[in-house]
Amino acid sequence: MENTIEQPLATVNGAPFNLLPEDLYIPPDALEVFLELFEGPLDLLLYLIRRQNLDIVNIPIAEITRQYIDYIELMGLLNIELAAEYLVMAAVLAEIKSRMLLPRRSDDEEEDDDPRATLIRRLQDYEIIKQAADDLDLLPRMEREHFTADVDTSALAIVQALPDIQLKELILAFQDVLKRVDQTSHHQITKEALSVRERMATILAQLEGENSLLFPQLFIRKEGRPGVVVSFLAILELSKERLIDIIQPEPFAPIRISAARAAEAYC
Amino acid sequence: MAASVRSRPYARLRGTRRRIKPASATENAIIIEQFACNMEHQRIIEAILFAAKRPMTCKQIQQVFPELEQPGLEEIQQALAAIAADYQQRPLELKQVASGYRFQVRAEFSRWMARLFEEKPPKYSRALLETLAIIAYRQPVTRGDIEDIRGVSVSSSIIQTLLEREWVKVLGHKEVPGRPALLGTTKQFLDYFNITTLDELPTLQRFELTLDNTPTSAGKE
Amino acid sequence: MAASVRSRPYARLRGTRRRIKPASATENAIIIEQFACNMEHQRIIEAILFAAKRPMTCKQIQQVFPELEQPGLEEIQQALAAIAADYQQRPLELKQVASGYRFQVRAEFSRWMARLFEEKPPKYSRALLETLAIIAYRQPVTRGDIEDIRGVSVSSSIIQTLLEREWVKVLGHKEVPGRPALLGTTKQFLDYFNITTLDELPTLQRFELTLDNTPTSAGKE
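Residue numbers (our numbering), protein chains in the order written: chain X, 1 to 267; chain Y, 1001 to 1221; chain L, 2001 to 2221.
Do not take every clue at face value.
Claimed, not checked - Capping the alpha-carbon separation at 25 Å, the derived lysine-lysine pairs in BS3-like fashion look like this:
1) Y:K1053 - L:K2174
2) X:K168 - L:K2053
3) X:K168 - Y:K1169
4) L:K2187 - Y:K1187
5) L:K2059 - Y:K1120
As the list claims (entries may be wrong) - Selected chain X positions facing chain Y (Cβ under 7 Å, derived; list incomplete):
6) H146
7) D182
8) L218
No lab work stands behind these hints: they were computed from the structure. Just so it is clear, CB atoms sit at the ideal spot from N, CA and C, and this is done for glycine as well.
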């Protein structure tokens, strides 16, 4: 990060930016860490209001808006990834500010005509929850204050029935995973011929505990041509994933396959 | 000099103390027999609680007994009270949580317990705690509701974590476009925080942020 | 109605009872103090034994105390003897096994314990099913791979359960930093589902076709 927040601050829109916003009682070094502590625009706004002990009714919306925008500008300066929510809030504040500047029409009977009302309600709701989260965190809980007292029962020779699974459940579970992946991330889950994957597992199992095996030992003759192809693909795939080593000590010597070894094989 | 073996039959002592009503000799004999039987039940119940590895309700305890020997629920209640009293001097306590009774180490020993385990107790992020608080206090809520209150989007991994810890479950679906899941807390959530009902959660604090001109002050809702 | 309310300071009570030798006033004071300290250690040791979930050696118990407060091994031995004596009347016993001391339910209660566990087997969690499915369909995979696919961390206890059930085994280790284990399914896994090779696991499409009569019965708890 080039912007150390010492004297020569950056330029914002061409204008030199020499001072941190006023009323920002945070040591500049701590600022970056500090800003990341906010859970979102409501949190930041609440902080600004609370820190000055402002009565929200009388908050000079203009003042708060200015501070808020200073903050998000700073976030930009510090290359803090700025969530869209912060910008939306800036727009909301600006809108409120502009509406406050307009003369109020007396025929406007709407109760929540005051544009601050909605914002205040949201801030209140958020602050309640914020406090509730803190309180929840303080509740004595398992693994931290309380520990269950169990005694051993293994000596009693009881066979506990193990949970059952239906094949159907397993497939549905996998389906769910795939669905979720589709929705939420960029993972490419392509369906692969299962048999290659399985063969990869089989080959690894075969190699386990063995120093190395001869290449032909990994093929099962009676499977015929398709089987050979599957095994061969599996070997290539394993090699690509660096799970096995393919070794030919000298030209024309028999090819041997071994489970990939730690660093020594490579250095 | 090793700890003298004290063989004080604690339970029986308490037994005598409990019989309060005066009774004729024969009646007495009956009561004693009855009582001995109860004591045996009590010992079994105690063993069950320690062995179960999960909280047990009275009903579940009852089911452990063969059908013809099942103590009544009332007797089980009494046995639980007696067991709880027996452990009053010990570093354990019999605690009632949402899904039943369990033995746990008293909180005053948490300092040593923390040293017992290599892994630090899990710490939860503010985002997770706020999400959990909204679900706990405002349930049933949809993910959209949570986002409205927090003003930021809720990451799926937080919801996923809460579902996996079994603190939160899907109660149903809201009949609006998209049929979003309605989330609520589970008994396991209450168990984890050592409480029996949602009522025992800390009271919500209401902070004054009103439109009239009263100065800011905090108070209880 | 959670059971609590502890009052009688038991330790001190017992302390006085144990002082047998006549002693001068000052000597007395010293003994009491010494004793109170031991009692506190004893209570902590008792708590440790109950919370540990594994047998504990004297040395291990000692390590749980902060360095400057560690009781000597002899004191721990004495405390263990005293605790064992305290539980003589209870359905539990403090037992020394090869790897240390642990509390266990007395053998005479096996009958009930058997009934306790023979109840309906518990159900596997969604997280476990998904983990198993990923291992089955994507093997060989590392724990990291599973986490990538699921988007949440996979608890060690899930992997442990699958290994113990012998449905999953470690095929080898991936030659990347940390050498994570590569997981795959076992023959027992195939046996359990009555199939001879992984090829027989239904593919998703095939499965959906056979499922046509039960629309979206997925994921519900």
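Okay, the hints, checked on the actual structure:
1. Y:K1053 - L:K2174: 36 Å, violated
2. X:K168 - L:K2053: 35 Å, violated
3. X:K168 - Y:K1169: 22 Å, holds
4. L:K2187 - Y:K1187: Distance ~38 Å between K2187 (chain L) and K1187 (chain Y) Cα, so the pair is violated.
5. L:K2059 - Y:K1120: 21 Å, holds
6. H146: Because about 5 Å separates H146 (chain X) from the closest Cβ in chain Y, which is inside the 7 Å limit, the hint holds.
7. D182: At about 12 Å, which exceeds the 7 Å cut-off, the nearest Cβ of chain Y leaves the hint on D182 (chain X) violated.
8. L218: Where the cut-off is 7 Å and the nearest Cβ of chain Y is about 39 Å from L218 (chain X), the hint is violated.
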